[in-house]
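S.K.: Take a look at the letters that make up each chain.
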Amino acid sequence: DVKVTQSSRYLVKRTGEKVFLECVQDMDHENMFWYRQDPGLGLRLIYFSYDVKMKEKGDIPEGYSVSREKKERFSLILESASTNQTSMYLCASGSPGTGSYNEQFFGPGTRLTVL
Amino acid sequence: KNQVEQSPQSLIILEGKNCTLQCNYTVSPFSNLRWYKQDTGRGPVSLTIMTFSENTKSNGRYTATLDADTKQSSLHITASQLSDSASYICVVSAHGTASKLTFGTGTRLQVTL
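Chains as they are written, first to last, in the numbering used here: chain A, 10 to 124; chain B, 3 to 115.
For reference, chain A alone in the conformation it holds in the complex:
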């Protein structure tokens, strides 16, 4: 089974702190993604990566950056946390797939609270 793990299930930080969220996948997937999920808004894509050291902005990249130094690891960085970044953060990984399939497998999520 595909396993996507995230470094923390719950995290509490203060405004202005630098925050690192780590994600690791064990299936040698090329693609990795960071989403945030807020009530009533569904999942929104922050950043994604197709390969090591490659990254592309998603729909809401402002206030975030990412790092992918190794294929299995994708980090989300909040340079200076703000209260409006309080959210559930979900990491996903997947291969480009065959045919029309581009399955994404999700981690358990990190509930971040910024005070």
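Do not rely on the hints blindly, as some may be mistaken.
With a straight-line cut-off of 30 Å between C-alpha atoms, the simulated DSBU-like cross-links for lysine-lysine are [claimed, not checked]:
| no. | chain 1 | residue 1 | chain 2 | residue 2 |
| --- | --- | --- | --- | --- |
| 1 | A | K62 | B | K102 |
| 2 | A | K22 | A | K64 |
| 3 | B | K102 | A | K80 |
| 4 | A | K80 | A | K62 |
| 5 | A | K27 | B | K102 |
| 6 | B | K3 | A | K66 |
| 7 | A | K64 | A | K80 |
| 8 | B | K102 | A | K64 |
| 9 | B | K73 | A | K66 |
| 10 | A | K79 | B | K102 |
| 11 | A | K66 | B | K102 |
| 12 | A | K12 | B | K59 |
| 13 | A | K12 | B | K102 |
| 14 | B | K3 | B | K59 |
| 15 | B | K3 | A | K64 |
| 16 | A | K80 | A | K66 |
No wet-lab data here; the hints were simulated from the structure.
We have chain A already, so just place chain B on it with the hints.
M.R.: Relative to chain A, chain B alone:
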């Protein structure tokens, strides 16, 4: 703009009953549609995935249908169990978007005794 709308927003049913969740989408050009189940405080887990040529797919007590002409999908849950209590998210992928997905906001299902 690509959009996915789900209804109802929430639903409460008695254990053992059936229910159907709806998904309408405007994603184009359509590639595939999937349904995810998300337990509270957990990441989504895939239930089914369908391409343009598939109009029904089952996974145990879950059956998804797809009408690509009307751009509608449904997820039918048979003989519901307490463990079915979760959010169900409809997700659509468009061709050429390199794995970018459009998510619905989900239907929150509660199964009660």
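S.K.: For a C-alpha distance cap of 30 Å, please report whether K66(A) and K102(B) respect it.
M.R.: Holds: K66(A) and K102(B) sit about 11 Å apart, inside 30 Å.
S.K.: Are K12(A) and K59(B) close enough, with their CA atoms no more than 30 Å apart?
M.R.: Cα-Cα ~24 Å, so holds.
S.K.: Can the restraint linking K102(B) and K64(A) be considered satisfied, given a maximum Cα separation of 30 Å?
M.R.: Between K102(B) and K64(A) the Cα gap is close to 13 Å, so the pair holds against 30 Å.
S.K.: Mind checking the alpha carbons of K80(A) and K66(A) for me, to see if they're no more than 30 Å apart?
M.R.: Judged against 30 Å, a Cα distance of about 18 Å means the pair holds.
S.K.: Take the C-alpha atoms of K22(A) and K64(A), compute the straight-line distance between them, and say whether it is at most 30 Å.
M.R.: Roughly 26 Å between the alpha carbons, so the hint for K22(A) and K64(A) holds.
S.K.: Taken at face value, is the distance from the CA of K64(A) to the CA of K3(B) at most 30 Å?
M.R.: Holds, at roughly 23 Å.
S.K.: Would the hint linking K64(A) and K80(A) be met if the CA-CA limit is 30 Å?
M.R.: holds (12 Å)
S.K.: Regarding the pair K12(A) and K102(B), is the alpha-carbon distance no greater than 30 Å?
M.R.: holds (20 Å)
S.K.: For the pair supplied as a hint, K79(A) and K102(B), is the alpha-carbon distance within the 30 Å limit?
M.R.: Holds, because 22 Å separates the two Cα atoms, which is no more than 30 Å.
S.K.: Can you confirm whether the C-alpha distance between K62(A) and K102(B) stays at or below 30 Å?
M.R.: holds (19 Å)
S.K.: Within a Cα-Cα threshold of 30 Å, do K80(A) and K62(A) meet the stated pairing?
M.R.: holds (9 Å)
S.K.: For the pair supplied as a hint, K3(B) and K59(B), is the alpha-carbon distance within the 30 Å limit?
M.R.: holds (27 Å)
Violation of the numbered hints given earlier is absent; every hint is satisfied by the structure.
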